[in-house]
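Participant: Each protein sequence line maps, in turn, to chains A and B. Position 100 (the first sequence) corresponds to 100 in the working numbering; numbering is contiguous. Position 91 (the second sequence) corresponds to 91 in the working numbering; numbering is contiguous.
Calculated from the structure, these hints are not laboratory results. The reader is advised that the hints may include incorrect statements.
[As the list claims (entries may be wrong)] Computed cross-link-like contacts, DSS-like style, restricted to lysine-lysine with a CA-CA straight-line distance of at most 25 Å: (1) A:20 with A:96; (2) B:13 with B:83; (3) A:20 with B:20; (4) A:30 with B:96; (5) B:96 with A:20; (6) A:96 with B:96.
Predicted, not measured: the structure shown is a model, and the values here were computed from it.
There are 2 protein chains.
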Amino acid sequence: MLTITQINEIKMKAIEYYDKAHIVLTDDEKNDIEVADFGLGDTQNTGLQLVVYINNDRYCAKEMVLFPHQTCPEHRHPSIEGKSGKQETFRCRYGKAYLYVEGEETENPSCKTPEGSEEFYTVWHEIELYPGQQYTIASDTLHWFQAGGDGAVVSEFSSHSDDDSDIFTDARVRRITKILQNM
Amino acid sequence: MLTITQINEIKMKAIEYYDKAHIVLTDDEKNDIEVADFGLGDTQNTGLQLVVYINNDRYCAKEMVLFPHQTCPEHRHPSIEGKSGKQETFRCRYGKAYLYVEGEETENPSCKTPEGSEEFYTVWHEIELYPGQQYTIASDTLHWFQAGGDGAVVSEFSSHSDDDSDIFTDARVRRITKILQNM
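From just these sequences and the hints, can you work out the full model?
Facilitator: Below is the structure:
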């Protein structure tokens with residue numbers, strides 16, 4: 001579990017990346033940066049920092065930071081009670097992001113999985129996103145992503161976001177950091 | 001009606017503002033910048049430049065440019081066939097944007113309407129948006145917006161966008177520039 005001090009250090013580091021991308025945030029947004037460690041306690045390899053601009057029942061927009069080679073683990077957004085799962089568009093703003101989705105396996109992919117978690121990464125169709133490039137992920141589709149060596153800032157535009165319903169390939173994953181932060 | 005030369009000049013000028021906001025666009029996006037003159041042929045006062053990142057049946061994201069004191073005229077997004085009209089969140093990225101919505105009239109508002117169009121601006125509750133600030137407009141709510149003296153770059157996150165269904169207070173308004181550009 002991350003300590004408050006660790007979380008604050010990660011937030012400060014995330015702000016450096018928002019600055020590099022020239023993303024202007026309010027003080028409240030900086031204070032509220034979400035640090036997701038996915039319950040694995042290894043944020044250097046597996047983690048994500050994000051600001052949620054808006055999330056209502058119709059649409060959602062977030063600004064995500066990935067530190068160099070940091071990975072958001074493989075997951076999908078399933079349909080719930082007959083309603084299609086979250087569909088999302090990733091747009092790279094800074095650095096480089098490698099996105100992996102279902103489809104033909106890319107030979108010699110640019111990324112490695114976090115060590116010890118190889119079995120929880122099953123889709124290997126690689127999409128490279130430079131600043132200004134974007135990709136839309138259909139709902140209920142397995143995907144994961146990782147930053148290149150300079151880290152990445154990635155905008156996410158999507159339908160309503162409900163982290164609780166995400167299904168991760170790695171059953172150890174928990175999306176609880178937000179709760180701990182607010183205790 | 002704008003000529004191709006005029007449209008290209010406006011696009012080049014819009015690119016300067018995207019650059020000021022450090023928004024990275026692909027060459028295709030730069031070519032496809034939409035120049036909306038709203039059929040009034042007076043883009044210096046009434047107009048909008050925009051890039052549509054994504055617009056599907058669930059969500060939409062755009063990056064808009066307003067030149068100094070340029071105005072997007074008053075309109076609303078009505079419900080259609082029982083489906084709620086477009087809801088949208090404006091987030092200022094560069095410059096300053098003044099948004100006017102239904103509600104208590106602001107005394108001494110910062111903006112004037114485009115000359116000769118005063119009667120077509122009926123809502124005067126002012127919201128000032130500096131970079132990093134945002135505001136969400138409920139569906140079917142009258143609104144209009146204008147840039148400050150340095151122009152503005154504004155991100156729009158929303159539900160599905162369908163320009164054809166917009167209802168403008170000024171019945172002369174036509175949203176046809178896009179079609180002319182593609183002829």
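Participant: Which numbered hints does this structure break?
Facilitator: The structure conflicts with hints 2 and 6, although it agrees with all the remaining ones.
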